[in-house]
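**Q** Here the protein sequences come in this chain order: A and B.
Counting from 1, one number per residue, gives the positions in the first sequence under the working numbering.
Counting from 1, one number per residue, gives the positions in the second sequence under the working numbering.
Please keep in mind that the hints were generated in silico from the structure rather than gathered at the bench.
Among the hints, erroneous ones may be present.
It does not matter which identical chain is used: a pair holds within one copy or between any two.
As the list claims (entries may be wrong) - DSS-like cross-link-like pairs, simulated, lysine-lysine; straight-line CA separation at most 30 Å:
id : residue 1 : residue 2
1  : 22        : 351
2  : 23        : 351
3  : 358       : 23
4  : 388       : 360
5  : 388       : 358
6  : 324       : 208
Number of protein chains: 2
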Amino acid sequence: LAQNDVTFPKGFRAWGLACGIKKNGKPDLGVLISEPPAIIFGALTRNAVKAAPVIYCQSVLDSGKRVSHIIVNSGNANACTGDRGYADVLAEVALLEQLAKPSGAVMVSSTGVIGEYLPMEKIRLGLGRLFSEESQSGPFIGAIMTTDTFEKKAQASFLLDGKEVRIGGVAKGAGMIRPDMATMLAYITTDLALDDRYRTLFLENVQKTFNSISVDGDMSTNDTVLVLANGASGIRYADLSKSAQLEFDLGLRTIMQDLAKNIIRDGEGATKLVTIEVTGAASAEDAKAVCRSIANSPLVKTAFFGGDANWGRVLAAAGSSGAKLIPSRLVLEFCGVTVLENGGATTYDEKDLAERMKAKDVSVKVEMGLGSATWTYWTCDLSYDYVKINADYRS
Amino acid sequence: LAQNDVTFPKGFRAWGLACGIKKNGKPDLGVLISEPPAIIFGALTRNAVKAAPVIYCQSVLDSGKRVSHIIVNSGNANACTGDRGYADVLAEVALLEQLAKPSGAVMVSSTGVIGEYLPMEKIRLGLGRLFSEESQSGPFIGAIMTTDTFEKKAQASFLLDGKEVRIGGVAKGAGMIRPDMATMLAYITTDLALDDRYRTLFLENVQKTFNSISVDGDMSTNDTVLVLANGASGIRYADLSKSAQLEFDLGLRTIMQDLAKNIIRDGEGATKLVTIEVTGAASAEDAKAVCRSIANSPLVKTAFFGGDANWGRVLAAAGSSGAKLIPSRLVLEFCGVTVLENGGATTYDEKDLAERMKAKDVSVKVEMGLGSATWTYWTCDLSYDYVKINADYRS
Numbered sequence: 001l002a003q004n005d006v007t008f009p010k011g012f013r014a015w016g017l018a019c020g021i022k023k024n025g026k027p028d029l030g031v032l033i034s035e036p037p038a039i040i041f042g043a044l045t046r047n048a049v050k051a052a053p054v055i056y057c058q059s060v061l062d063s064g065k066r067v068s069h070i071i072v073n074s075g076n077a078n079a080c081t082g083d084r085g086y087a088d089v090l091a092e093v094a095l096l097e098q099l100a101k102p103s104g105a106v107m108v109s110s111t112g113v114i115g116e117y118l119p120m121e122k123i124r125l126g127l128g129r130l131f132s133e134e135s136q137s138g139p140f141i142g143a144i145m146t147t148d149t150f151e152k153k154a155q156a157s158f159l160l161d162g163k164e165v166r167i168g169g170v171a172k173g174a175g176m177i178r179p180d181m182a183t184m185l186a187y188i189t190t191d192l193a194l195d196d197r198y199r200t201l202f203l204e205n206v207q208k209t210f211n212s213i214s215v216d217g218d219m220s221t222n223d224t225v226l227v228l229a230n231g232a233s234g235i236r237y238a239d240l241s242k243s244a245q246l247e248f249d250l251g252l253r254t255i256m257q258d259l260a261k262n263i264i265r266d267g268e269g270a271t272k273l274v275t276i277e278v279t280g281a282a283s284a285e286d287a288k289a290v291c292r293s294i295a296n297s298p299l300v301k302t303a304f305f306g307g308d309a310n311w312g313r314v315l316a317a318a319g320s321s322g323a324k325l326i327p328s329r330l331v332l333e334f335c336g337v338t339v340l341e342n343g344g345a346t347t348y349d350e351k352d353l354a355e356r357m358k359a360k361d362v363s364v365k366v367e368m369g370l371g372s373a374t375w376t377y378w379t380c381d382l383s384y385d386y387v388k389i390n391a392d393y394r395s
Numbered sequence: 001l002a003q004n005d006v007t008f009p010k011g012f013r014a015w016g017l018a019c020g021i022k023k024n025g026k027p028d029l030g031v032l033i034s035e036p037p038a039i040i041f042g043a044l045t046r047n048a049v050k051a052a053p054v055i056y057c058q059s060v061l062d063s064g065k066r067v068s069h070i071i072v073n074s075g076n077a078n079a080c081t082g083d084r085g086y087a088d089v090l091a092e093v094a095l096l097e098q099l100a101k102p103s104g105a106v107m108v109s110s111t112g113v114i115g116e117y118l119p120m121e122k123i124r125l126g127l128g129r130l131f132s133e134e135s136q137s138g139p140f141i142g143a144i145m146t147t148d149t150f151e152k153k154a155q156a157s158f159l160l161d162g163k164e165v166r167i168g169g170v171a172k173g174a175g176m177i178r179p180d181m182a183t184m185l186a187y188i189t190t191d192l193a194l195d196d197r198y199r200t201l202f203l204e205n206v207q208k209t210f211n212s213i214s215v216d217g218d219m220s221t222n223d224t225v226l227v228l229a230n231g232a233s234g235i236r237y238a239d240l241s242k243s244a245q246l247e248f249d250l251g252l253r254t255i256m257q258d259l260a261k262n263i264i265r266d267g268e269g270a271t272k273l274v275t276i277e278v279t280g281a282a283s284a285e286d287a288k289a290v291c292r293s294i295a296n297s298p299l300v301k302t303a304f305f306g307g308d309a310n311w312g313r314v315l316a317a318a319g320s321s322g323a324k325l326i327p328s329r330l331v332l333e334f335c336g337v338t339v340l341e342n343g344g345a346t347t348y349d350e351k352d353l354a355e356r357m358k359a360k361d362v363s364v365k366v367e368m369g370l371g372s373a374t375w376t377y378w379t380c381d382l383s384y385d386y387v388k389i390n391a392d393y394r395s
């Protein structure tokens with residue numbers, strides 16, 4: 001298998017195959033392996049209804065153990081499956097331990113239909129084949145996709161104090177839930193050695209990337225973002241110069257942001273990627289709240305679908321965010337054109353703005369005039385196809 | 001003019017006409033008069049971006065003055081119009097005071113396009129005609145409608161301790177914002193004499209009715225609910241027996257609920273009224289949070305449009321509400337059919353449920369199994385027409 005995305009950094013292998021969970025015969029079972037085992041940073045769904053594999057992954061994260069194997073299946077989310085669902089996760093782990101004699105802990109992710117038990121016989125046979133037919137398998141990324149219409153992957157290499165370090169990543173979308181295909185999953189690997197002190201920066205990265213995107217405001221039962229750092233490059237973050245550390249920090253943030261934005265580009269029915277930038281807010285919480293309120297407003301999202309620079313809806317959404325806001329201080333821009341300042345509409349070239357609003361990548365910027373806090377958020381428009389995809393009866 | 005809706009109780013008059021704010025020549029200016037002046041209870045939008053008339057109405061509410069006149073226009077929301085917008089409200093009030101010599105305070109409501117100044121010359125001429133051509137005018141309700149496809153009105157009379165008391169009401173919809181038609185407005189009148197002590201019950205009523213509905217989760221700049229009680233029946237609430245008080249309380253709640261539900265029935269693109277009932281929650285706040293999360297989930301709303309009893313989406317929405325929730329205790333019902341209990345799916349007659357989901361009025365019930373708190377919420381489905389209506393370019 002080619003070395004790319006999650007296997008681009010040293011010491012990672014990954015592959016996948018079709019074991020029959022998906023009725024269409026597409027790949028649905030994969031494994032990601034780190035040798036040596038990796039320190040792992042994770043962000044899991046905050047939904048009170050957590051799928052069995054998410055509950056299990058939390059226990060692995062809490063244990064602080066290094067991880068050598070991640071098994072992922074698509075086609076079935078193992079969510080709302082109660083005690084039996086959790087027992088199935090443990091059975092998967094036990095089987096993997098038999099088959100692969102892992103040198104570290106094992107994690108499990110699932111994505112797909114909610115409320116159905118895992119087809120354990122298919123998974124048992126599939127895991128067996130995964131480890132006996134590695135050479136005949138396909139890429140890992142295929143096995144994690146559900147309704148995604150394109151692959152979301154990224155990789156980059158850096159010369160840090162003269163030595164090469166690599167980062168790679170894959171994600172699957174928040175083209176959520178069809179028929180009940182839930183979940184965003186993202187796996188990012190690096191061969192740099194990170195230690196526990198990186199956890200704070202990881203969580204900030206998640207806030208600024210995967211937690212700053214929205215297709216429809218719904219939070220799945222299975223959302224999972226994992227960063228694995230195995231140190232196979234022989235380089236330790238702690239030993240790097242300040243500037244090399246910063247370069248890695250920015251590189252990791254960029255990879256995570258690229259994966260997150262591609263999830264939005266592939267949002268169900270999406271025709272546009274909308275970047276929402278809030279500046280001059282009284283606090284970062286306020287800036288994020290305004291972003292989120294705009295990003296989740298169906299009225300704003302349908303306006304973008306229609307190519308309409310509808311500042312009244314953006315303003316109403318910002319005003320209902322709960323953030324401190326003084327209307328007379330607001331400045332609003334669509335695609336670089338100022339449409340509102342000092343609480344009133346400006347005169348601008350409507351034809352020019354209408355042209356700009358036709359682009360695939362559009363933006364809205366809100367300057368609050370209250371402080372120096374900023375936030376950036378990404379969302380997509382709300383189209384006929386979103387309704388079509390999600391109103392179809394499960395069948 | 002016939003005595004109905006807001007003019008059904010004694011001492012109220014109301015009418016409207018077309019003064020040219022709306023380009024289609026439909027009624028757009030109306031007045032509601034209470035003689036004697038009425039004590040007034042109000043709930044105004046909590047959006048930080050408040051329209052000029054809302055800011056003015058708040059000052060009248062804060063003054064505690066009795067109100068004799070309410071002027072309403074449609075076609076222009078006088079929102080995001082800054083100091084000039086507020087000066088226009090004061091000019092309207094001054095003109096009304098010249099024309100009608102009101103015996104109480106004056107309130108003003110506006111609904112329609114955001115970000116344009118009121119056409120004051122048209123309003124001046126219109127107000128003049130309102131008071132010189134009363135006999136040639138049409139019903140008040142016509143003048144407050146924007147994208148509403150039917151009139152929302154209600155009335156009822158009660159024998160309280162043997163004496164007749166009346167309640168009437170009108171509302172206009174949260175068929176929000178097309179092109180920028182914002183706002184829910186509701187006016188409820190009664191000839192019972194209420195006093196300040198009723199304010200608590202009024203606010204609770206608003207929470208349980210107009211604040212428990214959602215078309216798309218957006219909060220307008222102009223939302224206004226007013227109850228006027230003028231005592232023209234000669235009967236004071238304070239003098240009634242406990243059981244008569246309760247009958248009035250329930251009557252008022254029912255009128256407010258009927259108006260609120262009709263706003264949802266007429267939501268943009270709505271094909272179904274969805275009643276969401278949460279029981280057994282740990283607190284009323286939790287119950288309402290679960291209701292709201294389900295009501296505002298585009299995935300749930302599109303599923304209802306498709307007639308799909310998609311409990312996975314309801315569960316995911318409930319789980320992301322922030323409310324205390326233990327999956328294994330949940331019981332979920334669609335249209336009276338239990339689809340989930342003890343955290344797992346039940347077996348039920350799918351054909352029967354599919355039939356039930358085709359009705360115009362459908363329901364979802366969530367029993368949390370944690371306490372005794374309940375809440376009820378109303379929403380509509382999300383259809384192609386919602387996207388169509390809201391994606392159309394303003395023109």
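**Q** How do residue 388 and residue 360 come out at 30 Å by Cα distance, when the copy is not named: within, between, both, or neither?
**A** both (21 Å within a copy, 19 Å between copies)
**Q** From the Cα coordinates, with 30 Å as the cut-off, is the pair residue 388 and residue 358 best called within, between, both, or neither?
**A** This pair counts as both: shortest intra-copy Cα distance 22 Å, inter-copy 17 Å.
**Q** How would you classify residue 324 and residue 208 at a CA-CA limit of 30 Å: within, between, both, or neither?
**A** both (21 Å within a copy, 27 Å between copies)
**Q** Can you give me the call for residue 22 and residue 351, within, between, both or neither, at a CA distance of at most 30 Å?
**A** Answer is between: at 25 Å across copies they meet the 30 Å cutoff, but 48 Å inside does not.
**Q** If the cutoff is 30 Å on CA atoms, where do residue 358 and residue 23 land: within, between, both or neither? Let me know, please.
**A** between (38 Å within a copy, 28 Å between copies)
**Q** I want to check one pair: residue 23 and residue 351. Are their C-alpha atoms no more than 30 Å apart within a copy, between two copies, both, or neither?
**A** This pair counts as between: shortest inter-copy Cα distance 23 Å, intra-copy 49 Å.
The earlier numbered hints are all upheld by this structure, with none contradicted.
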